[in-house]
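Asker: So you can see what is in the structure, the chains are spelled out below.
Number of protein chains: 2
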Amino acid sequence: MNSATGSAGRIETFGERLASVFETSGHLCVGIDPHPYLLGEWGFPDSGKGLREFGLRVVEAAHGQIGIVKPQVAFFERHGSAGYEALEVTLAAARQAGLLVIADAKRGDLGTSVEAYAQSWLTPGAPLEADAMTVSAFQGVGSLAAPILLATEYGKGLFVLAATSNPESFATQTAIVGSGEYLARTVAASIVAEMNKSNVSPLGSFGVVIGATVTLADFGLSDRDLVTTPILAPGFGFQGADFASLRSTYGSATSNTVVSSSRGILEAGPGALRDAITAQSAKLALAFSA
Amino acid sequence: MNSATGSAGRIETFGERLASVFETSGHLCVGIDPHPYLLGEWGFPDSGKGLREFGLRVVEAAHGQIGIVKPQVAFFERHGSAGYEALEVTLAAARQAGLLVIADAKRGDLGTSVEAYAQSWLTPGAPLEADAMTVSAFQGVGSLAAPILLATEYGKGLFVLAATSNPESFATQTAIVGSGEYLARTVAASIVAEMNKSNVSPLGSFGVVIGATVTLADFGLSDRDLVTTPILAPGFGFQGADFASLRSTYGSATSNTVVSSSRGILEAGPGALRDAITAQSAKLALAFSA
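Line by line, the protein sequences are chains A and B. Residue numbering for the first sequence follows numbering that gives the first Met the number 0, beginning at 0 and increasing consecutively. Residue numbering for the second sequence follows numbering that gives the first Met the number 0, beginning at 0 and increasing consecutively.
Chain A with its partners taken away, still in its complex shape:
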């Protein structure tokens, strides 16, 4: 599932791989978020070793049950190089297990710096290789040119922050740009128009982050703008969103959503993790078939 090379030798796009994962393994994505308090509850030390054990346990519990995981890089960064070593082991194990990996890094910068971030996470064989990463366009949608090129070349994906699930982001993301649109809509529309210029069947490779707790219309967005755009949808469980509200939030774009849950599942603890994922996965499948 993780090979980016199709039978004809052409590199599969991230959008194709994502669509195939949706088909075979559903839409649930488990966050690999080793919060210090969770490490404590799980009985793991708050160290590189603890992070590594945590990451591997989540991968093991996800394996064969779901198709996507999303490590939150911030919790690994706390331990510097030891944390990154734990993340490398986790990323490799996840990709080895056939899971699609979205590195939740929210990187953004300009020029050669943002290109270096894309190289860090999207280059085949790089120590931190993932299948996609989250990025920020605060320095302009145009600042993402290098990551888009690189992702296209390697069959990788990007998820650009558009309308996030935290209420304090509202003022920023509903700021009105020169075209008269909300910033969140510009980001999402630019992605649809510019980034996904080709290879959008069945899905584009460039997606947006739209939190599960938001109302699309509040950001000038409509599900019709997002027909072939992957949507990373965090905010389920701990942050308050419920699978049952998926369709009312994302409308016809629900079929493109990566439905992400972290603490809501991770709080089950290492022993009950596999069962918690089974239960959430079944619940989500029900919501999709409703």
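Hints in this document: simulated from the structure, not taken from any laboratory. We treat Cβ as the ideally placed atom computed from N, Cα and C, and that holds for glycine. Certain hints may be false.
[To be verified] Calculated from the model, a selection of chain B residues having no Cβ within reach of chain A, i.e. all distances over 10 Å:
hint, residue
1, 9
2, 62
3, 78
4, 84
5, 97
6, 136
7, 144
8, 163
9, 164
10, 198
11, 201
12, 247
13, 253
14, 272
[As the list claims (entries may be wrong)] Just a few of them, taken from the derived set where beta-carbon distance is under 10 Å, the chain B residues facing chain A:
hint, residue
15, 120
16, 127
17, 176
18, 200
19, 214
20, 254
For this one, chain A is given, so just place chain B on it according to the hints.
Answerer: Chain B alone, transformed into the frame defined by chain A:
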């Protein structure tokens, strides 16, 4: 110079330490940007080892000549844990040498994730400890609450992206927020009003990033808004700005600027690096005394 504890045992603020560095060592900040092409030109391998040698050379050349360095994290991240190990060594050497270190990480996220980023870079004793870090407020100025608290507690600083030096950022940063202001101005004004609530003499500890190639008025900003706000000013040298234009760009806030140059100095190569820093430092001192 790096001790955050003053004689009375009170923790010195970042603003106090920055003002003191301006006084004793001037305003020049050298970027530690190990671009792959620079590693090649310097004759260093594009590896963790090469990054480490590069970082240590810049620190050695800066030692005793200037007061501030700014490692660009993206170039270290390319090599995963090995890159972060090189960065740890570089950060430690820089702080040991009495340099004030601004980690150019441009991190941003929400809730406990952004808090984890702040812990990563600002906690005393953390493997990646720096004196300040750059952050993004795309997820709202409010999303920076935890980093502000943490920085205050530890005498550390933050530089929030406001008006950056790349032209493609203009549309985003001049988006108009609900209050009718440009986003860049809201970020900068919120910082002045909210983040630097106390301890703003002689300088606040919470600054903004305003590229040297911008015109303040284009973003609705005035030097009068920035009287006690540290300004990280990248864009000199390679990106086209000249020290002679400092006063026309930053006006009366010029005295708060961290004047950052990277490639313009680093391209001198390891042998001529110390002389290049001497020359730029003298040139900048002249611009300040003009």
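Asker: Each of the hints needs a verdict: does it hold here or not?
Answerer: Going down the list of hints, with the structure as the test:
Listed as a non-interface residue, residue 9 (chain B) keeps its Cβ farther than 10 Å from every Cβ of chain A; the least gap is roughly 27 Å. In this structure residue 62 (chain B) is separated from chain A by more than 10 Å, as the shortest Cβ-Cβ distance comes to about 23 Å. Here residue 78 (chain B) does not stay apart from chain A, with its beta-carbon only about 7 Å from theirs, under the 10 Å limit. A cut-off of 10 Å between C-beta atoms contradicts the statement that residue 84 (chain B) is not in contact with chain A; the least separation is 4 Å.
At the 10 Å boundary, the C-beta of residue 97 (chain B) stays outside the reach of chain A, the nearest C-beta of that chain being 22 Å off. Non-interface status of residue 136 (chain B) relative to chain A is broken: a Cβ of that chain comes within 10 Å, the nearest being about 7 Å off. Some Cβ of chain A comes within 10 Å of the Cβ of residue 144 (chain B); the nearest lies about 8 Å off, and the non-interface call is violated. Listed as a non-interface residue, residue 163 (chain B) fails to keep its Cβ farther than 10 Å from every Cβ of chain A; the least gap is roughly 5 Å.
Separation of residue 164 (chain B) from chain A is inadequate, the least Cβ-Cβ distance of about 7 Å not exceeding the 10 Å criterion. With a closest Cβ-Cβ approach of about 24 Å to chain A, residue 198 (chain B) is found to remain outside the 10 Å limit, as its non-interface label requires. Consistency note on residue 201 (chain B): stated as away from chain A, and its beta-carbon is indeed over 10 Å from all of that chain's, at 29 Å minimum. Consistency note on residue 247 (chain B): stated as away from chain A, and its beta-carbon is indeed over 10 Å from all of that chain's, at 23 Å minimum.
The Cβ of residue 253 (chain B) lies farther than 10 Å from every Cβ of chain A, with a closest approach of about 23 Å, so its non-interface assignment holds. Against chain A, the non-interface label of residue 272 (chain B) holds: every CB pair exceeds 10 Å, the least being about 20 Å. The closest approach between the C-beta of residue 120 (chain B) and any C-beta of chain A is roughly 8 Å, which is under the 10 Å cut-off, so the hint is satisfied. At about 5 Å, the closest approach between the beta carbon of residue 127 (chain B) and any beta carbon in chain A falls short of 10 Å, and the interface hint on this residue holds.
At its closest, the beta carbon of residue 176 (chain B) sits 4 Å from a beta carbon of chain A; the interface hint therefore holds under the 10 Å criterion. Here the hint on residue 200 (chain B) is broken, as its CB sits about 29 Å from the closest CB of chain A, past 10 Å. The interface hint given for residue 214 (chain B) is broken, as the beta carbon of that residue sits about 16 Å from the closest beta carbon of chain A, more than 10 Å. Nearest Cβ of chain A to the Cβ of residue 254 (chain B): about 26 Å, over the 10 Å cut. The hint is violated.
Violated hints, in rising order: 3, 4, 6, 7, 8, 9, 18, 19 and 20; the structure is consistent with all others.
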